[in-house]
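Novice: Take the sequences, apply the hints, and build the full model.
Going down the list, the protein sequences come from chains A and B. The working numbering applies: residue 1 is where the first sequence begins, and numbers increase by one. The working numbering applies: residue 1 is where the second sequence begins, and numbers increase by one.
Keep in mind that the hints were calculated from the coordinates and are not lab data.
Note: identical chains are not told apart, hence a pair may lie in one copy or across any two.
No farther apart than 20 Å at their CA atoms in a straight line, the calculated lysine to aspartate or glutamate pairs in the EDC-like style are these:
(1) Lys266 x Asp294
(2) Lys170 x Glu28
(3) Lys286 x Asp300
(4) Lys59 x Glu26
(5) Lys25 x Glu166
(6) Lys47 x Glu73
(7) Lys167 x Asp341
(8) Lys266 x Asp300
(9) Lys5 x Glu24
(10) Lys170 x Asp341
(11) Lys266 x Asp291
(12) Lys25 x Asp57
(13) Lys25 x Asp311
(14) Lys170 x Glu27
(15) Lys167 x Glu28
(16) Lys5 x Glu26
(17) Lys59 x Glu27
(18) Lys170 x Glu24
(19) Lys60 x Glu27
(20) Lys196 x Asp257
If you want the building blocks of each chain, they are given just below.
Number of protein chains: 2
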Amino acid sequence: MEDLKLALLGFGNAAQAFAEMLMEKEEEIRQVYGRGVRVTAITAPSKGTILDSQGIDLKKVLADARSAGRFAEDTAGLCTRNTLQVIEQADCDAVCELTPLYIEDGQPAIDHIRRAFQCGKHVVSANKGPIAWAYDELKQEAEEKGLMFFYETTVMDGTPVFNLVEKTLKFCRVTEVSGILNSTTNYILEELAAGKEYGEILEAGKKLGFIEADPAMDIDGFDAAAKVTALLNVLMNAGITPADVDRTGIGDITAEDIRKAAERGKVIKLLCEGRRTENGIAARVKPVEVDQSDMLASIDSTTSVVSITTDLMGKLSVIEHQPDLRQTAYGIFGDVIRLLDGQQR
Amino acid sequence: MEDLKLALLGFGNAAQAFAEMLMEKEEEIRQVYGRGVRVTAITAPSKGTILDSQGIDLKKVLADARSAGRFAEDTAGLCTRNTLQVIEQADCDAVCELTPLYIEDGQPAIDHIRRAFQCGKHVVSANKGPIAWAYDELKQEAEEKGLMFFYETTVMDGTPVFNLVEKTLKFCRVTEVSGILNSTTNYILEELAAGKEYGEILEAGKKLGFIEADPAMDIDGFDAAAKVTALLNVLMNAGITPADVDRTGIGDITAEDIRKAAERGKVIKLLCEGRRTENGIAARVKPVEVDQSDMLASIDSTTSVVSITTDLMGKLSVIEHQPDLRQTAYGIFGDVIRLLDGQQR
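Specialist: Below, the structure written as structure tokens:
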């Protein structure tokens, strides 16, 4: 059977870690599936575009991207195409949407995925924008064309959340979701609790790579809102967008608030919650006080947790402990493996 | 397609809750699979034996078992057969091993499963004895006969543990497992911490149904040892038995120990651990002090947690919050659904 051929839209840190994981597990994949996974296209605005049906030399492009910040002139298949052209012209079975997130409207990633489905290609998205802003439409397009559409990475890296429900909780109806899903705000609240100043925390966090150049997306709760929207759209057919989330960030939380909460035996956490109510789905992102003895209080630094309540299995929680880029890469990798499984049926 | 036919060995509380779940989801199963699940045999020493190819009336036998403690004389197919005869003679595709656990050697459940495979029947086991004492042999017998063998319930009820790794963490190699897996000891340690006396706790726990008539299996760590053995056998091919676990129960823990630990900011928990070392698999059950801020400290009363570390995904934890019988029933139910999935391939 021929290799599964992938086009990668975006080649940032997560995409690079994914490419490494593909190389690492190449032999094992061949043993299990009798076929490999071949990257036939990569496009990234700052690094260039490669189209190569024979399979791109990942080792070379990783080295070039890391040393020079772009693909080298001697790379086979180096060309100039924009992202939509790559989706249309690449010799591939599936497109991996790994471009930067624009939280305001999920674009241009939504257009990328739409075009991929129009071209008859499966999609793996690590970009939460499309799942938060256009899930129902994209899902329907995929179904109509008989194409696969996976997006495990969008909420908690490679930690099984969507797969958990779909593969291991069959016949369970999800009634409620909650969690601590934004590690930047979790980190900031902890550092505030440790007595540091806001400005100092932001500066140190930026240096460590925990905090974005513009931290508003995290601090104002936009990222958390997009994640809880994705959870609710996929697991509870909510049909909402991040604009429907009752959202409060951590910008107004002071060291004094945290100190007073501690005196009452409480910790402040930015909690995401969604549940079905009489008036439809209610979704909220809000700093709340939890007991120091509560599991949520133990979710420190970059650790995340999602809790899922279902009719048959009550409440389960899944914790991802202090992930690094590899866990994000595994989210993409696991979805690609699902493509292989899906094509085997 | 014909219904999937099941023989239930045992009809205690979990089996009864499973029978209820089957009735509750009967229509939905038919919609998804185009076939139903039919119970054609039930045997339980205290309640009697029923063999009925047409399908046992679950509503009736549940009512009879609950009101009279045994199956009524007017039950269609009521007969006298022992368990091995039921396995041999029942008109069924699969056997559900739901008999009481004998922790010392896993018998007679191991013989039940062996006989089922000899008779060409798939097996779902909620009994951890066979997985702890004879996993490799039983797994090999199933594979040789092309039969399915599922046992999700054995470690943490219906919470995905084995399914989690098999279905959602593909290509991940498990390097370490740990957890709080015995809720009786967790409850006792908490009650001791709250200042109650050992005898008083045991008496109250027995009344509430948390604590067995003979609590030694829990208190001495045998149950926890069987669970960590099951985890290691299935997830890390350990090939060990509970006798290989370095086991310390909570019998020697005093209220004074707990108080002193609390003064140091610590909580005592009965922790199960297993990892690969240079000398093979090391498995341990032991009361350990964990920080009050540690996730493990938040695992209260009947809540359980399992943590799984893998090469690709680092450390993940799954928490089952305060389960009741329904979660146990779902473990069996989910495995039966896997039988339906497996036969669809």
